[in-house]
Amino acid sequence: MGVVARLCAQMMLLVLLLLAGRFLTVELFGIFVLSSILMNFGVIQMYSGIYHFVLREPAFEQTKGTAFTLQMMFSLAFAAFILACSLGVYLLGWGDLLAQLMAFTAGMPILALIASWQEAVLLRKGDVKFYYGALICSEIAGFTVSVLMLVNGLGVWALIVNRYVASGLMAAALCWKCGLLPKPEWSRDDARKIVSFATPLYGNSALAYFTSSGADIVLGGFLTARAVGLFRMGSRTAGAAFDLFAQTFRILTWQAVGRMAREKRLSAELWTSLLVINLSIMLFVLGSLSLLSHELIAVMLGGEWMAMVPVLQILCWAKIITSADQIVSAQLAAAGHTAFLFRSRVLEAIILLVALLCTVHFGIIAVAFGMFPSALVYVLRLTHKLTRLTDTTMLAVGRAVLPGLALGAAGLLVVFGASMLLEAQGPIVTIAVTAIVGVVTYVVTAFVAMRTWTLGLLHTVSTAILPASENEPASS
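Throughout the sequence shown, residue numbering follows UniProt numbering, covering 1 to 476 in sequence.
Treat the hints as calculated values from the structure; they're not laboratory data. Cβ atoms here follow ideal geometry from the backbone N, Cα and C, with glycine treated the same way. One or more hints might be untrue.
Across the chosen pairs, the derived CB separations fall in these ranges [to be verified]:
hint : residue 1 : residue 2 : range
1    : Arg188    : Thr25     : 20 to 30 Å
2    : Asn152    : Leu92     : 25 to 35 Å
3    : Gly417    : Phe81     : 49 to 59 Å
4    : Gly153    : Glu304    : 15 to 25 Å
5    : Leu76     : Arg388    : 39 to 49 Å
6    : Gly302    : Ala424    : 18 to 28 Å
7    : Val145    : Gly302    : 20 to 30 Å
8    : Arg399    : Ala141    : 45 to 55 Å
Below, computed lysine-lysine pairings styled on DSSO-like, alpha-carbon distance capped at 27 Å [as the list claims (entries may be wrong)]:
hint : residue 1 : residue 2
9    : Lys177    : Lys64
10   : Lys129    : Lys64
11   : Lys183    : Lys193
12   : Lys183    : Lys385
13   : Lys193    : Lys129
14   : Lys177    : Lys125
15   : Lys385    : Lys193
16   : Lys129    : Lys177
Assemble the whole structure, with the sequences as input and the hints as a guide.
Below, the structure is given as structure tokens:
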């Protein structure tokens, strides 16, 4: 159910994004992108730091009051900061619409506080079935309201209302399942412990957000709103395709790694298995999107957006590299190496900033290529650290990953060949037939030609998710 729920939620997000491209101009979409930067940053922070503390803390019952108090303080601070920035935009005359949109987003961090806290509590209990059911229902409601607003000419407001409806219903459902939020309490010792754990993760997620949205900020500073809109649509399309699988994979990864960290049974076998599955799927999915991007954009967005095709193609391959981050960073965080993650993010952000400043004057395609150096350095640095912690080597990781990459490449080869053969049949036929043939090839190769290898990987991951007592015989 979890995979289906996540797929449906991310598909609705992708469809809404494409519908917005049909109803909004490139420039107007660029204004929306700029207005939602702070909202997205605040929401992401609510799912970092203390959220991860709740997932992994053995003595949670003793510390939850203080943890919730800190989380509440952070959410209110984010909301106040967004309002202050929107007022600044208005007073400086940078655009009434931009200021209004920013102010309207200020309530999202507060909703995210409730949803993220209850989500962490629910996942800590291992009750993912209800979580996924609530997720898909809330996303359907948000999607429906937003589509109706777009059709009735309400423009960019529909995209923000989408998040309010989905987050509000998700928060309500989780509160119904998990009960009331904890009573705010305060313990100086607990607060010091929580802040010590959470601060590097907050910094890490802030820097990670810069790597995803820094290009929008730089483009907005040097180029036009149209350039921001084109680049962000390409980035969001690649990101939505990435999230079709990454969101589910991220939940399962933290559930597995968090449980194993609490039970003191971290292993190289687990994280390499997760990495192999992740890279294999991402190579096939994002590589296919890159190969079919021209046909997809022509059908879904129309001629006004065709200039974003090269950006989409480039960023798909960059996303394949960065997908490894969700595996290795989760493992390192669960093992307590949050300070190392923060230092690595700082290095990544510095490299990215230099690359963006060097490429922005050459246009959005150059900026897209500028995303590669920082991503590659960051992933390799984290992977090398993890190999040392789990007594393995980069060479061993490379050997483990090769079959997964071969599986993804086999599917891509079929996608490429089918798209070439069907080119004269029109974009819709090409997309539909190529996608079906590619997926069938990938699944058959994985579960027939590579059956033993695939089942071995899945067994390793499923064993990690279940408690040790259910999978391992008691030692005599």
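Evaluated hints:
no. : hint                          : result
1   : Arg188 <-> Thr25: 20 to 30 Å  : violated, 53 Å
2   : Asn152 <-> Leu92: 25 to 35 Å  : holds, 32 Å
3   : Gly417 <-> Phe81: 49 to 59 Å  : holds, 51 Å
4   : Gly153 <-> Glu304: 15 to 25 Å : holds, 18 Å
5   : Leu76 <-> Arg388: 39 to 49 Å  : holds, 40 Å
6   : Gly302 <-> Ala424: 18 to 28 Å : holds, 21 Å
7   : Val145 <-> Gly302: 20 to 30 Å : holds, 24 Å
8   : Arg399 <-> Ala141: 45 to 55 Å : holds, 47 Å
9   : Lys177 <-> Lys64              : holds, 18 Å
10  : Lys129 <-> Lys64              : holds, 24 Å
11  : Lys183 <-> Lys193             : holds, 19 Å
12  : Lys183 <-> Lys385             : violated, 39 Å
13  : Lys193 <-> Lys129             : violated, 32 Å
14  : Lys177 <-> Lys125             : holds, 12 Å
15  : Lys385 <-> Lys193             : holds, 24 Å
16  : Lys129 <-> Lys177             : holds, 12 Å
In summary, the numbered hints that this structure violates are 1, 12 and 13.
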